[in-house]
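Each chain, letter by letter, is given below.
2 protein chains.
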Amino acid sequence: MTMRRSRWWGWGDEGKSYHIPDPERFWEFVRSRLGPTDASPRVESLERCELRPSRLPASILAAFGSVAGNSAVLTSNTERAAFSLGKSYRDLVRIRAGEVPHPTDAIVQPQTGDQVGALLDLAAREGVSVIPFGGGSSVVGGVEPESDGHVLTIDMAGLSDVAKIDPASATAVLGAGIAGPDLERQLNAAGFTLGHFPQSFEFSTLGGWLATRSSGQNSTLYGRIENRVESLRLAYPGGLLATPEVPAAAAGSDLVQVVCGSEGSLGIITEARMRLARLPAERDYRGYAFESFGEGVAAARELMQRGFHPAMVRVSDEAETESTLAMRPPPTGIASVVESAGRWYMARRGIRLESAAIMILGFEGEKVSVDHQWSEAKRVLSGYSAFSLGGGAGRAWQASRFEAPYLRDLLLDHGILVDTLETATTWGNYETLHAAVRDALSTALGERSVVMAHLSHSYSDGGSIYFTFLAPQERGREVEQWERAKVAATDAIIQHGGALSHHHGIGSDHLPWMESYIGSEGMQVLASLKTALDPAGVMNPGKLLPRSQGASRG
Amino acid sequence: MTMRRSRWWGWGDEGKSYHIPDPERFWEFVRSRLGPTDASPRVESLERCELRPSRLPASILAAFGSVAGNSAVLTSNTERAAFSLGKSYRDLVRIRAGEVPHPTDAIVQPQTGDQVGALLDLAAREGVSVIPFGGGSSVVGGVEPESDGHVLTIDMAGLSDVAKIDPASATAVLGAGIAGPDLERQLNAAGFTLGHFPQSFEFSTLGGWLATRSSGQNSTLYGRIENRVESLRLAYPGGLLATPEVPAAAAGSDLVQVVCGSEGSLGIITEARMRLARLPAERDYRGYAFESFGEGVAAARELMQRGFHPAMVRVSDEAETESTLAMRPPPTGIASVVESAGRWYMARRGIRLESAAIMILGFEGEKVSVDHQWSEAKRVLSGYSAFSLGGGAGRAWQASRFEAPYLRDLLLDHGILVDTLETATTWGNYETLHAAVRDALSTALGERSVVMAHLSHSYSDGGSIYFTFLAPQERGREVEQWERAKVAATDAIIQHGGALSHHHGIGSDHLPWMESYIGSEGMQVLASLKTALDPAGVMNPGKLLPRSQGASRG
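Going down the list, the protein sequences come from chains R and S. Take the first sequence: its letters are residues 1 to 554, numbered as in our numbering. Take the second sequence: its letters are residues 1001 to 1554, numbered as in our numbering.
Bound conformation, chain R alone:
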């Protein structure tokens, strides 16, 4: 079966582009902040990439073919180019320039878990590095080969079965290669949802979510992906780890939580038995404007600590609110809603919507539960400077929930650096970390830049912070410019006690900070796991762990 793939030079369907409701206002705002920028062309097609030839000997390719079938082994330049980069800013800069400096040597497309296991055994024996490839949407360098050695990419799209839906237990066994829309369509038909909607939803896979500890837009209700796993199977060189199918246990370290987040460094997740939720009968998302980001965050915190279960509570800081309103006035019109209802109040208190902090709060479930939660939530919000923007703001957010990556492509076309990064911290440290990272990014990018953030995932003890930043590209030094910002932001995150990543993962991009983050003792624990399952050191080397740690290559 063929999986729908993201276009090679950016995000999503080849023909789809970001719809700007009011282009004049959009570009006026962008130019007012970034000044004029130069269009940034891209090479016409993947065929234009000049790749070094595949270095895998024919005998090894034949062996792979004998496992998965000869037609399952891909070695053409375009295929190798398409499977050698993820979707980070750095990846897009390079692929648009036709640069794939470290191409994989071959791609194999297995159809079963047994084939995956046999491929790993073979790779370990031959000293071939293996990179698992799900949707290829990594933004942290998770699927890019290292510079040296033989590399095989395993495309997991063939393992996409939805099997054994167990309605009594509300679980299903899902192939790791299944992508979001395919998965939801089949579960929805049985009355269930997995409830997992990362921004990459359309083009990412269950296996990728599990391997990177993905968190989705509704994870505040449904839980992070690692909380929805009942059991899983991990193929590794020489073995298969299958965890017990039980709802909970007190039997040693949690093996599921050892595998989740391992980013292909231990083996490849082939399938998982996932906890499902009933399809919600009601979804009710609404907007609120707060006087300040601090107020909005405090309200989100209070909701969580009072035991509410929102499907989403997202709070944009003042900069993001302003940019959002300027760049994408929602079709149903936040402005018009506020015009009639709230602007008068806000003006009386000296607040402009453009300098407020917008919250989108949503509840999902049975209607009576959603109504109850809303009536109680309103009582909590009434304790803050919160102005209702109504359901239009919520619907506008829902309609555009997977669109941001398309906007990135458009901005890139116009020579604009645009990237995101994220972290999480305790509520007590939230404001400090937000300011520190914001300031680090602003300083690194200079005056002609926009740095904005939002809270997207809330817990009782803290929340995530998701930054978006824009600046005119420094032509010819695009990657160095980005690295400067990335290093400044990540240094600030570590220095101020934030999570090295809340849901993007580590890959190769965050690796330099891993030891500062979890300590040499934490690194030792991760390395010991790698040594146990991948003594040959072939599993996604250079991701999560430096190659020297754990195992050396066979």
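Hints are computed from structural coordinates only; laboratory data are not their basis. Note that the coordinates shown come from a computational prediction; the quantities given were computed from them, not determined experimentally. Treat the hints with care, as some may be off.
[Claimed, not checked] Straight-line Cα separation of at most 27 angstroms, BS3-like style, residue types lysine-lysine; simulated pairs:
{"no.": "1", "chain 1": "S", "residue 1": "Lys-1367", "chain 2": "R", "residue 2": "Lys-367"}
{"no.": "2", "chain 1": "S", "residue 1": "Lys-1367", "chain 2": "R", "residue 2": "Lys-378"}
{"no.": "3", "chain 1": "R", "residue 1": "Lys-378", "chain 2": "S", "residue 2": "Lys-1378"}
{"no.": "4", "chain 1": "S", "residue 1": "Lys-1367", "chain 2": "S", "residue 2": "Lys-1378"}
{"no.": "5", "chain 1": "S", "residue 1": "Lys-1378", "chain 2": "R", "residue 2": "Lys-367"}
{"no.": "6", "chain 1": "R", "residue 1": "Lys-367", "chain 2": "R", "residue 2": "Lys-378"}
Mind docking chain S on chain R? Use the hints.
Chain S only, in chain R's frame:
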């Protein structure tokens, strides 16, 4: 500081005994099932235990003293006896007979995490095995020394600080040695609760809960103990693992979930930053009678899958309902409530309360939320053959929630074998597993026995099963008789896909089944963690992992 300790020959305060509301009825029921039993005496005092002498050389004892202070090193026979067994049935049989076959050689009582670390370094260097001791309430052999080698028990009671309560983040840093009542008293004073109430609550510690993946009576709402940890510190020989203080992260395997459940085999948890909940304003527990256990379990399942958040949903099977009513009629009178309200209905449908399945369902939180959940829950329950027993049944359960272990002592005095064991499985497999374990226990114990069970912890995908079983003791063969039942039940659990333990842990008692349960691959992962952190193999050897796996002793 001195910790309140459970009496040496059983459970709880020395002077406290189980209050039987109606002794005549109680003993009549017991005798009707078990026949006559002989009183089982116990030795008068711990001094009567004949212990082999401490085998630790004076030089090593002096070295421990130089770390923690000489007065912190205990070597008297009574102290060594008191710290060498847990509270399993086998432990009580032996201690009541004055038998402590494998006594520890010394106990050290450190006051700080640094002292714990120094003690572990020293122990590893000298090849002394270390057993961490919290409340000593293990029912799976978790604190008993192995037969050979030098053994040091580290009493963690000195590390009992409640520090850094962070009201904004709703977290506190708690010393691992703090016991339940002390912890709750201090958190309650600040408006918080940890919400963790295992049956051992009065005499068990945070460190013990974490090391064994404890689950409490309200964990269906507050989460298992491992879900309430934000970060923790693990002292191990030669190092200290301190996990980042963040609410969530995507940065490799979850180190907290590696440490939780490690049962002292990797190191000793010295402190943890725990997520707190606001003290609930309202607690509303009520009883329901169902036609059958299957009906009650189905109702619990539906509540969970509809997204309810009960503080407790506990369903007793028919045998447990009958025994409970016969052995302990609640003071406020389930019978009288039903007399007036439900018995007529039940009789009309041919149901006797004594052959029904009683559910205790409770909600906690803000009053408006509790009221809302109750009104919706009643709607769900109306779809079943559920008869309300009112709030009296709920209050009766709450009043006696920590009393079962006291009853065990009383039954032991009368020569009755009484023990519990537990598992968990998916809803789809629930009835099968319940029947299989029940039948295995009944067969192993013979006709003169009572085997009963309840559901105590529910998840969206499954629930726990907690068995209690009684039989007349086979005098002189008490341990063999118990082992026969334990083996039969555990074989049935593994054969039918249950969790080897839901919340008691592995210790030495469940170890023989560990490999069947998680596979040789799972054992390899656990062993690799041990090799990394405890290469000398001194940390609680023979618990969780066979000594041959992982490391050999230095």
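Now for the hints, and whether the structure bears them out:
no. : hint                     : in the structure
1   : S:Lys-1367 to R:Lys-367  : 20 angstroms, holds
2   : S:Lys-1367 to R:Lys-378  : 16 angstroms, holds
3   : R:Lys-378 to S:Lys-1378  : 26 angstroms, holds
4   : S:Lys-1367 to S:Lys-1378 : 16 angstroms, holds
5   : S:Lys-1378 to R:Lys-367  : 16 angstroms, holds
6   : R:Lys-367 to R:Lys-378   : 16 angstroms, holds
Violated hints: none; the structure is consistent with every hint.
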